[in-house]
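Chemist: When you get a sec, could you build the whole thing from the sequences and use the hints?
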Amino acid sequence: MIWKTAWKNVWRNRVRSLVVIASVTIGVFASVFSIAMMNGMVAQRVDAALDEEISHVQISGMGFRLNNDPQILITDRGKTVSQIKTVNGITGMVERTIISGMASTASKSAGVQIIGIDPEMEKKIFTLNKTIMQGTGDYFEKESKNELALIGQDLAKELNIIRYSIDSTVLLTLKMQEIPDEILDKLASLSGIRFANEKKFNKTINSLLSKREINKYGQKIKKEAWSFREGSRLTLTFLDKDNNQVGARFRLAGIYDVKNTMFEQSVVFVKDADLKRLTGIKENSFHQIILRINDIEQTEKITSELREKLPDLDVMNWREIQPDLAMLTDYVHQIYAVFMVIILAALAFGIVNTMLMVVLERTRELGMLTAIGMNKKKVFSMIMLESVFLSLIGGIAGMFVGWIVILLTAKNGINFVKYAEGMEAFGYSAHVFPEISAGFFIVVTFLIILTGIVSSIYPALKALKLNPVEAIRTE
Amino acid sequence: MKNYKMAWRNLWRNKRRTLITVASVFFAVFFALIMRSLQLGTYDHMFRNAIESYTGYIQIQHEDFWDNKTVDNIFNYTPELERAVMSDNNTITTVPRFESFALASSGTLTKGVLVMGIDPEKETFLSNVKGKLVKYRLNEDNIENLKKADLPEKLKKEFDLFKGNDYSSKASIMLELGISERDSGSILPVLEKYASFENGYIKSGEPGALLGDKLATFLKVGIGDTLVLIGQGYHGTTAAGKFRIAGIVKLPTPDFDNKIVYLPFDICQELYNAPGMLTSLAVSIKENDDSEISRMIKTLSSKIEPPLKVIGWRKMNELMINQMDADSKSGMVMIGILYMVIAFGIFGTVLMMTAERRREFGVLVAVGLQKSKLVAVIIFEMLYIGIMGIFSGIAIALPAIIYGFYHPVRFSGEMAKMYEDYGMEPVMPFMPVDFYFLWQSVVVSIIVLIAIIYPVRKIYKMKIVNSLKA
Chain A
1 MIWKTAWKNV WRNRVRSLVV IASVTIGVFA SVFSIAMMNG MVAQRVDAAL DEEISHVQIS
61 GMGFRLNNDP QILITDRGKT VSQIKTVNGI TGMVERTIIS GMASTASKSA GVQIIGIDPE
121 MEKKIFTLNK TIMQGTGDYF EKESKNELAL IGQDLAKELN IIRYSIDSTV LLTLKMQEIP
181 DEILDKLASL SGIRFANEKK FNKTINSLLS KREINKYGQK IKKEAWSFRE GSRLTLTFLD
241 KDNNQVGARF RLAGIYDVKN TMFEQSVVFV KDADLKRLTG IKENSFHQII LRINDIEQTE
301 KITSELREKL PDLDVMNWRE IQPDLAMLTD YVHQIYAVFM VIILAALAFG IVNTMLMVVL
361 ERTRELGMLT AIGMNKKKVF SMIMLESVFL SLIGGIAGMF VGWIVILLTA KNGINFVKYA
421 EGMEAFGYSA HVFPEISAGF FIVVTFLIIL TGIVSSIYPA LKALKLNPVE AIRTE
Chain B
1 MKNYKMAWRN LWRNKRRTLI TVASVFFAVF FALIMRSLQL GTYDHMFRNA IESYTGYIQI
61 QHEDFWDNKT VDNIFNYTPE LERAVMSDNN TITTVPRFES FALASSGTLT KGVLVMGIDP
121 EKETFLSNVK GKLVKYRLNE DNIENLKKAD LPEKLKKEFD LFKGNDYSSK ASIMLELGIS
181 ERDSGSILPV LEKYASFENG YIKSGEPGAL LGDKLATFLK VGIGDTLVLI GQGYHGTTAA
241 GKFRIAGIVK LPTPDFDNKI VYLPFDICQE LYNAPGMLTS LAVSIKENDD SEISRMIKTL
301 SSKIEPPLKV IGWRKMNELM INQMDADSKS GMVMIGILYM VIAFGIFGTV LMMTAERRRE
361 FGVLVAVGLQ KSKLVAVIIF EMLYIGIMGI FSGIAIALPA IIYGFYHPVR FSGEMAKMYE
421 DYGMEPVMPF MPVDFYFLWQ SVVVSIIVLI AIIYPVRKIY KMKIVNSLKA
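Taken in sequence, the protein lines are chains A and B. Numbering of the first sequence is given in the working numbering, commencing with residue 1 and proceeding in unit increments. Numbering of the second sequence is given in the working numbering, commencing with residue 1 and proceeding in unit increments.
The calculated lysine-lysine pairs, modelled on BS3-like cross-linking and capped at a C-alpha distance of 25 Å, are: (1) Lys462/A / Lys376/A; (2) Lys122/B / Lys315/B; (3) Lys203/A / Lys315/B; (4) Lys315/B / Lys222/A; (5) Lys418/A / Lys69/B; (6) Lys85/A / Lys282/A; (7) Lys298/B / Lys211/A; (8) Lys157/B / Lys193/B; (9) Lys462/A / Lys4/A; (10) Lys469/B / Lys371/B; (11) Lys298/B / Lys199/A; (12) Lys200/A / Lys298/B; (13) Lys69/B / Lys200/A; (14) Lys175/A / Lys222/A; (15) Lys378/A / Lys465/A; (16) Lys15/B / Lys462/A; (17) Lys465/A / Lys15/B; (18) Lys315/B / Lys157/A; (19) Lys69/B / Lys203/A; (20) Lys220/B / Lys241/A; (21) Lys309/B / Lys199/A; (22) Lys203/A / Lys298/B.
One side only, chain B facing chain A, incomplete, derived with CB under 10 Å: (23) Phe31; (24) Leu103; (25) Asp325; (26) Leu338.
What the hints contain is simulated information worked out from the structure, not anything from laboratory work. Model, not experiment: these values are computed from the prediction. Where is the CB? At the ideal position from N, CA and C, for every residue including glycine.
Modeler: Laid out in C-alpha cells, this is it:
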C-alpha cells in the first residue's frame, strides 16, 4: 500500500517530478558515459600492455632487469622450461634475446632495445603481428636473404624513414574521397616535394590551407601523403658477447603501430637467429622467457609458484614490471566511485528541495493521515519511497540512455585525433572505445537508491515533526 | 519599497529552500574551484619544471633543428650572436648548449643516452645542474649501516622502500622519508654520517662527465670510472671518446634521469667534430611573463639571420601542452556535468517558486504592481541566490587554495613511491587566484539567467483572473 501511494504521489505534480527526474537522468547518463570512456581508455591501455608489450610474467637471469647486461643469460633452457611446465595455468611461453643498441639511418640515430624473436612463437603470446601498418610490409612473413627488422611508427618518423609527399596518385585518391577541387589545386603546388618528417609537412600544410579546411580534411590528406619506401634500410649498432662493436645493415620487414610512443620509439624486433649470429650468443640461451597465463586473477599465485621452482632466476609479473598499470587497475574503480558520488551529491540538493516542497505543500494531508492513525514509520517510509522513486526513475533512464550510447559508440569508437600525440606519449590510444561492465550498473543503481534515501531524510523528519492538530488546520 | 529590498525579503520567506539552493550552487562552485586549481597548478608546476630544468623560455637554434634534431643542423657560435642576445635588456646571460644522442657504454653495459654539452658555470643560470648533484645515497651498504644506527624504527622501514634512491638536498631527503623539522636535529647528522655522497663537478676543457643517477645505476658506474661514448658526428663523421665520470646528478624527471650525460660544451664540440658550433643557445631571462617573452622573441628575431631562428617555450613544449590540453578538457567535462546537474536543481527551485506564488503574483498585479517591476524583483531574487552561492563557494575554497599554493601537499612514504613509479613528482600544487575564478562566476550567472526565463514568461503571460483563483 505504502509503495503504491508513494508511486502515485510522484505523479501528482508531474512537471516538478519530471524536472527532478530529468536532472537525475542527465547527471547519471553523463557520468556513466564519461566513466565508460575513462574505463575504455584504461582497459585499452592494459590490454595493449599485456598483449603487445609485456605479457603476464617475465623470467630473466638474476640482475638482468636492472641494466640489461647481455652477459646475464638463461643458459639451461631445457631444465627451466620443464620446471615452468609443471606450473598450472600457463598457456604460452616464448624466449627472447635482448640487446641495447643504436638504430641509425643516413641522417639520424636513436637508442633502442633490439629484441630477437621467433616470429611464429611470438604470435601465440603477443598480438603485435596485427599492428603492422598497411603498406609497410608484414610480420617477418616474406622470405628474405637480408636481415630483417620490425620497427615502431614513432621510431620510423624519428629516423626519417616515414616521409610525406604529394603526387598525382595521392591527388587522385583524395579526389575520390570528395575533397573539393580548390583544396586539391592548392595541394597540387606541393607535388614533387618530399617532406623528410611529419612536422615539416604539417608546417607547410598549415601555411597553405585555412584552419577550417585543415580540421575538415587534414587527417585525410595526411593519411594519403604518408609515404614509405619499401625495403628501407637501417643500421643497428651494438656490442657482441666479447664486447666488440658490431654494426649491421637491416632491411625493414614492416612498421608496427601500438599507439605508445615510448614503446614504438625504443623497441626494434629482429629474428632471433640473426641476432644470435651477430652477437655470438649461443643457441638455446636467452635473456628472457615470457609467459602468458589463462586467468589474470591468478597472476600472484602463479608468480610465487614459479619463484619457488626457479630460485636462481628473476620472476616478475606484469604488476611488478609496470606498477603504474597495477595501480591504475587497482584504483580506477575508486576514482569512478568518487566521480559518481560527487555528481549524485549535486543531484541530491535538487531532490532534497523538491521533497521539502512536497512535505510543506501536503502539510494538511499528512496531518490528516497521522490523525486517522497512520504511524510515524509509515509516514517516514512513504516519503522516503517517493524520493527513492524519483531518483530511481531518473537513474534507470540515465543508465539506459548511457548504455545505448555506449553500445552505439563502442562499435566505431571515438577518435580524439587532436590529442593523439599527447595521449600516445603516455601509452594511451586516442581512439577510445567506451566500455563498462554490467557490475558497474548494479553499483550505480545501489548508489542512486542511496541518494534517494539520504536526500529524503531531512524532509521526512520535517514531516514527522508536524503536529496533526495544527497540520489539519493549515489550508 | 525598492525592488532589491523586496527581493531580499522574499528570499527569506522560504528560508530552507533558499538555503538549499544556495548550498547546491556553493557545492558546485567549491568543487569546481578546488579541482580546477589543482589541475592548473599541476600543469603550471610541470611547465616550470620542464622550462627551468631543460628548455628555458627562449632558445636560438638552427631553423631545422627543432623538427629534425641531428648534429648536422647546428650553427656557429659567433661573438656577434652573443652580443646581439646580450644587448637585450631582459637577458641575464646566454647559455650555450650542444645536445646530441650517443651510445654510452661501460664494460659490457650499453645504453642510448642524451649527451648535453653545457657551459658548467653559465648553466647554473638555467637548469642549475650544480644544484642537482647527488648529496645523499640510499644504496644497500648505506642502508645496512643506517639500520644499525640509532634511528626510529618507522624510519628504518622507509629506507627499504626507497632503496637505490638519491637525493640532491637535505630538503628532498627529509620530504621523501617524512622527517619533520622537529626530528631533523637528531636524524640528519646520522644520515650525514652514513648516507652522504662525495661528488664532483665538470670543468671547461676537461674531459669529465656528469651522469643521471638512474643512468649511473644502470651502467654500474661511480665517480672516477670511465665512460665511453659512441655516436654520429658532424657531417657523418664518427664521434667516439672516453670520459672520466666526475659526478652524479639527480634530475626531477625520471625520463631524463635515465638517459642524461652532461659534458663541458667545448669537450662535446670536440667529440662531435664540430668546434665552435652549438645546437642551441638558450637565454636566461629576468622577466618571464608572456608579453615580455613574445616581445623578446620579436626583437631577437629581427637581430639574427637565417638559418638561425628564435623559438619560445610554448613551441618547445608542444607535446606537454597537448597532454595538458587533453587532461584539462576531461576535467572541464566533469565540471560541466556538475554544473548541468546544478542547473536543473536551480530550475526546479524556480519552477516550485513560480507555482507556489502564482496567486501572490496575481494579487500583486491586480492591486497595480507593474509586471516589469515584479519581473525585476524575481530577477533580483535569483541573482541573490547565484551570488550567495558563488561567494560562499569562493569564500570557503579561497583559503584552502591559498594555503595549498604556499604549502603544496607533498606525499611521503608509500604515496611518494607510487607517484615516482608513475614518473611524477609526488606533489600536488594549487594554482593561485586566476581567470578560472571568474569563469565559475560567469557560468553560474548564465545558469541563473537561463532559469529566470521561465518565471518571467509566466508573469508576462499571466491572466490575473485565473491566477487569483489558484
